[in-house]
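Student: Okay, here's what each chain looks like letter by letter:
Protein chains: 2
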Amino acid sequence: MTSFAFAQAESSPASAIKPYTIKGSQVVDIHSQANGKDYELFIKLPRSFHHTEQQYPLVLVNDADYAFPLISSITRQLGDHGKKIEEVVLVGVSYSKGDNGGLSRTRDYTPTPSPYEKGGHSDAARRASGQSAKYIRFLADEVLPYLSEHYRIHPHKKIFVGHSFGGLLGASILFDQPEAFDYYILGSPSLWYDNKVIFEVESRYAKQHKTLDAQVMMVIGEYENGKPHSHFTMVDDMLAFEQKLESRDYAGLAVTTKVVPEEYHVSVFPTLITDGLLWAIPRSTPQ
Amino acid sequence: MTSFAFAQAESSPASAIKPYTIKGSQVVDIHSQANGKDYELFIKLPRSFHHTEQQYPLVLVNDADYAFPLISSITRQLGDHGKKIEEVVLVGVSYSKGDNGGLSRTRDYTPTPSPYEKGGHSDAARRASGQSAKYIRFLADEVLPYLSEHYRIHPHKKIFVGHSFGGLLGASILFDQPEAFDYYILGSPSLWYDNKVIFEVESRYAKQHKTLDAQVMMVIGEYENGKPHSHFTMVDDMLAFEQKLESRDYAGLAVTTKVVPEEYHVSVFPTLITDGLLWAIPRSTPQ
Numbered sequence: 001m002t003s004f005a006f007a008q009a010e011s012s013p014a015s016a017i018k019p020y021t022i023k024g025s026q027v028v029d030i031h032s033q034a035n036g037k038d039y040e041l042f043i044k045l046p047r048s049f050h051h052t053e054q055q056y057p058l059v060l061v062n063d064a065d066y067a068f069p070l071i072s073s074i075t076r077q078l079g080d081h082g083k084k085i086e087e088v089v090l091v092g093v094s095y096s097k098g099d100n101g102g103l104s105r106t107r108d109y110t111p112t113p114s115p116y117e118k119g120g121h122s123d124a125a126r127r128a129s130g131q132s133a134k135y136i137r138f139l140a141d142e143v144l145p146y147l148s149e150h151y152r153i154h155p156h157k158k159i160f161v162g163h164s165f166g167g168l169l170g171a172s173i174l175f176d177q178p179e180a181f182d183y184y185i186l187g188s189p190s191l192w193y194d195n196k197v198i199f200e201v202e203s204r205y206a207k208q209h210k211t212l213d214a215q216v217m218m219v220i221g222e223y224e225n226g227k228p229h230s231h232f233t234m235v236d237d238m239l240a241f242e243q244k245l246e247s248r249d250y251a252g253l254a255v256t257t258k259v260v261p262e263e264y265h266v267s268v269f270p271t272l273i274t275d276g277l278l279w280a281i282p283r284s285t286p287q
Numbered sequence: 001m002t003s004f005a006f007a008q009a010e011s012s013p014a015s016a017i018k019p020y021t022i023k024g025s026q027v028v029d030i031h032s033q034a035n036g037k038d039y040e041l042f043i044k045l046p047r048s049f050h051h052t053e054q055q056y057p058l059v060l061v062n063d064a065d066y067a068f069p070l071i072s073s074i075t076r077q078l079g080d081h082g083k084k085i086e087e088v089v090l091v092g093v094s095y096s097k098g099d100n101g102g103l104s105r106t107r108d109y110t111p112t113p114s115p116y117e118k119g120g121h122s123d124a125a126r127r128a129s130g131q132s133a134k135y136i137r138f139l140a141d142e143v144l145p146y147l148s149e150h151y152r153i154h155p156h157k158k159i160f161v162g163h164s165f166g167g168l169l170g171a172s173i174l175f176d177q178p179e180a181f182d183y184y185i186l187g188s189p190s191l192w193y194d195n196k197v198i199f200e201v202e203s204r205y206a207k208q209h210k211t212l213d214a215q216v217m218m219v220i221g222e223y224e225n226g227k228p229h230s231h232f233t234m235v236d237d238m239l240a241f242e243q244k245l246e247s248r249d250y251a252g253l254a255v256t257t258k259v260v261p262e263e264y265h266v267s268v269f270p271t272l273i274t275d276g277l278l279w280a281i282p283r284s285t286p287q
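Same order as they appear, the protein sequences are chains A and B. Using full-length UniProt numbering, the first residue of the first sequence is number 1, and each one after it goes up by one. Using full-length UniProt numbering, the first residue of the second sequence is number 1, and each one after it goes up by one.
Please note that the accuracy of each hint is not assured.
No more than 20 Å apart at the CA atoms, straight line, and that leaves these computed lysine to any residue pairs for SDA-like [said to hold, decoys possible]: (1) Lys83(B) x Gly102(A); (2) Lys97(A) x Gln131(A); (3) Lys18(B) x Leu45(A); (4) Lys258(B) x Glu262(A); (5) Lys23(A) x Asp99(B); (6) Lys23(B) x Asp29(A); (7) Lys23(B) x Ile17(A); (8) Lys134(B) x Gln177(B); (9) Lys18(B) x Ile30(A); (10) Lys23(A) x Ser48(B); (11) Lys97(B) x Pro19(A); (12) Lys97(A) x Lys207(B); (13) Lys18(A) x Gly98(B); (14) Lys84(A) x Gly226(B); (15) Lys134(B) x Lys157(B); (16) Lys196(B) x Gly98(B); (17) Lys97(A) x Lys18(B); (18) Lys207(B) x Ala254(B); (19) Lys134(B) x Gly119(B); (20) Lys157(B) x Pro178(B); (21) Lys210(B) x Gly226(B); (22) Lys244(A) x Lys134(A); (23) Lys134(A) x Gly102(A); (24) Lys157(B) x Ala140(B); (25) Lys18(A) x Pro19(B); (26) Lys84(A) x Gly119(B); (27) Lys23(A) x Lys83(B); (28) Lys97(B) x Thr21(A); (29) Lys258(A) x Asn225(A); (30) Lys23(A) x Gln26(B); (31) Lys18(B) x Ile43(A); (32) Lys258(B) x Asn225(B); (33) Lys18(B) x Asn225(A); (34) Lys83(A) x Tyr264(B); (35) Lys244(A) x Thr257(A); (36) Lys210(A) x Tyr250(A); (37) Lys134(A) x Pro113(A).
These aren't lab readings, by the way, just hints derived from the structure by calculation. Predicted model, so just to flag it, every value in this text is computed and none were measured.
Working from the sequences, and respecting the hints, build out all of it.
Tutor: What follows is the structure in structure tokens.
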């Protein structure tokens, strides 16, 4: 085969390319009043949805270009087929349209501006950081009401899922609008962000509240602490955060954690989704 | 909101529904000469593909409506972003067009007819069972040449992935066309099928061959043995199969197994993909 033909085969015209679509999924445009950005919601209903009148748990996930396809396969196998967990309405929130993913997640998932943060995304992303308060309003006051209006969402089984910056976002929701969700699955949360500012946020919350009505599961990979003497102490940070929460004795709060053996920051997400959903919405009927 | 409006919101016209598409993926139609059926190949190239001239490992997976979205997220995070594994060309083989998934996988993934098999799919599926020899010809003589012609596939890094009946299919390939792939990641293989006929297939192969040139990893969930006194002994079967292979001392064969704690048949797949790819194509350069 000549290299010319080879090149042709690899670059067929865009019009001829049929992308892979996830069956039963749909994409809905949504404009955020809270921050003026445009997003998409990726929605997948369980197989039984149109044959029942029941209410379903909601699984809402961020970083959705990665997480939505993955979780859609896991909930299909573990729920619709395997009956180990309840069937769910799965919703992914896209990055803001027209924006770089790293910028979108830095702006929307972090609680405070930290323009010189080490280990973040681009300079532009870091300059835009610290606007999660608006994004939380978007989720709580716009996305969740939209979903509850259009689908049969169980009012006490709303599950937030986030990883890394998305886990930090979940922690921020806990101290801002804890009632927005019932279960929080926080994977490898970036508690290190901005000199561990989330611990200060928690302290302020503790001074004014005796109640924190939420079920929280935090999961992280064993290898996320980094090498000895490294600056990464993510496992230690997570366990310290658990201890801090436990020490407050908040009414309504339950926290559980898991350090998954032999997993990295970039590998632990599928495991934490499986473990988190088995924890939040186990199927009561034996298979 | 009235229930009428509620019903309307849930059943918007199909034309208005925009499904979720996996970015960078494409679907290619392929007709099998071997069995006369029509299939689709779901293809995802790594981000770097069009910016390099290098050859990439191939990950070929069956049960692709489940596996393709899931693995596409895992390889993106673990490979393209995380640099823990090499970047790969991911290819899923669909069920045959127009056929029920249970029928398609029973027909194509099982080595012998077993119309009265317990625990299989529908009666129709069981009646169609036992035609994997044709499907293996389709994969080896049609799909792989097509992929090697159109993409830069590394000739010694072709990875087969299958789970359950798909794991049984992989075992059948080992004794039919072992050279078709270099690595075999066999998840929860259905070695119980047809009175464990795969052990007889292996025995026949052993009588005629001293060589079996393949790297094999078998992974299963701890809970797949079923309760005490259950007929399910899948973990035991897998370990017995490993011992049998080791006892032959085939030239060229390396077998490794893993029993994953706290995992079920319907939950272990994401873990075995991560573990299998870290085993087959670890990235040599440290991050």
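Student: Evaluate each hint against the coordinates.
Tutor: For each hint, the structure was consulted:
At most 20 Å may separate the alpha-carbon atoms for a hinted pair to count; Lys83(B) and Gly102(A) meet this at roughly 17 Å. This hinted pair checks out: Lys97(A) and Gln131(A) have alpha carbons roughly 16 Å apart, not beyond 20 Å. Taking the CA atoms of Lys18(B) and Leu45(A), the gap is about 14 Å. The hint holds against a cut of 20 Å. A threshold of 20 Å between alpha carbons decides the hint, and for Lys258(B) with Glu262(A) the separation of about 13 Å falls inside it, so the pair holds.
Restraint check: the Cα-Cα separation between Lys23(A) and Asp99(B) comes to about 16 Å, which is no more than 20 Å; the hinted pair holds. Only pairs whose Cα atoms come within 20 Å are accepted, and Lys23(B) paired with Asp29(A) is accepted, the gap being roughly 17 Å. The suggested pairing of Lys23(B) with Ile17(A) holds, with an alpha-carbon distance near 11 Å, which does not exceed 20 Å. Taking the CA atoms of Lys134(B) and Gln177(B), the gap is about 12 Å. The hint holds against a cut of 20 Å.
Only pairs whose Cα atoms come within 20 Å are accepted, and Lys18(B) paired with Ile30(A) is accepted, the gap being roughly 14 Å. With a C-alpha separation of about 27 Å, the suggested pairing of Lys23(A) with Ser48(B) is violated against the 20 Å cut-off. Between the alpha carbons of Lys97(B) and Pro19(A) the distance comes to roughly 17 Å, so the proposed pair stays at or under 20 Å and holds. The hinted pair formed by Lys97(A) and Lys207(B) fails the criterion: a straight-line CA distance of about 62 Å is larger than 20 Å.
The straight-line distance between the Cα atoms of Lys18(A) and Gly98(B) is roughly 18 Å, inside the 20 Å bound, and the hint therefore holds. Distance hint between Lys84(A) and Gly226(B) is fulfilled; the C-alpha atoms sit about 14 Å from each other, no more than 20 Å. For the given pair, Lys134(B) sits about 24 Å from Lys157(B) by alpha-carbon distance, which is inconsistent with the 20 Å threshold. This hinted pair does not check out: Lys196(B) and Gly98(B) have alpha carbons roughly 30 Å apart, beyond 20 Å.
Our distance criterion of 20 Å between C-alpha atoms is met by Lys97(A) and Lys18(B), whose separation comes to about 16 Å. With a C-alpha separation of about 19 Å, the suggested pairing of Lys207(B) with Ala254(B) holds against the 20 Å cut-off. Between Lys134(B) and Gly119(B) the alpha-carbon distance is near 23 Å, which puts this suggested pair outside the 20 Å criterion. Of the pairs offered as hints, the one joining Lys157(B) and Pro178(B) holds, with about 13 Å between alpha carbons and a cut-off of 20 Å not exceeded.
A C-alpha spacing of about 35 Å is found between Lys210(B) and Gly226(B), which places the hinted pair above 20 Å, so the restraint is violated. With a C-alpha separation of about 26 Å, the suggested pairing of Lys244(A) with Lys134(A) is violated against the 20 Å cut-off. As the CA atoms of Lys134(A) and Gly102(A) are separated by approximately 17 Å, the hinted pair is consistent with the 20 Å bound. Note on Lys157(B) and Ala140(B): the hinted pairing holds, with a Cα-Cα distance of about 15 Å set against a maximum of 20 Å.
Annotation: proposed proximity of Lys18(A) to Pro19(B) holds, straight-line Cα distance about 13 Å (limit 20 Å). For the given pair, Lys84(A) sits about 18 Å from Gly119(B) by alpha-carbon distance, which is consistent with the 20 Å threshold. The straight-line distance between the Cα atoms of Lys23(A) and Lys83(B) is roughly 30 Å, outside the 20 Å bound, and the hint therefore fails. Simply put, Lys97(B) and Thr21(A) have alpha-carbon atoms about 15 Å apart, close enough for the 20 Å limit, and the pair holds.
Only pairs whose Cα atoms come within 20 Å are accepted, and Lys258(A) paired with Asn225(A) is accepted, the gap being roughly 14 Å. Restraint check for Lys23(A) and Gln26(B): satisfied, since their Cα atoms lie roughly 15 Å apart, inside the 20 Å limit. Restraint check for Lys18(B) and Ile43(A): satisfied, since their Cα atoms lie roughly 10 Å apart, inside the 20 Å limit. The hinted pair formed by Lys258(B) and Asn225(B) meets the criterion: a straight-line CA distance of about 14 Å does not exceed 20 Å.
Distance hint between Lys18(B) and Asn225(A) is unfulfilled; the C-alpha atoms sit about 41 Å from each other, more than 20 Å. Under the criterion of a C-alpha separation no larger than 20 Å, the hint pairing Lys83(A) with Tyr264(B) is consistent with the structure, at around 11 Å. With a C-alpha separation of about 13 Å, the suggested pairing of Lys244(A) with Thr257(A) holds against the 20 Å cut-off. The hinted pair formed by Lys210(A) and Tyr250(A) meets the criterion: a straight-line CA distance of about 5 Å does not exceed 20 Å.
Proximity of Lys134(A) to Pro113(A) is assessed by CA-CA distance (about 13 Å); at most 20 Å being required, the pair is judged to hold.
Violated hints, in rising order: 10, 12, 15, 16, 19, 21, 22, 27 and 33; the structure is consistent with all others.
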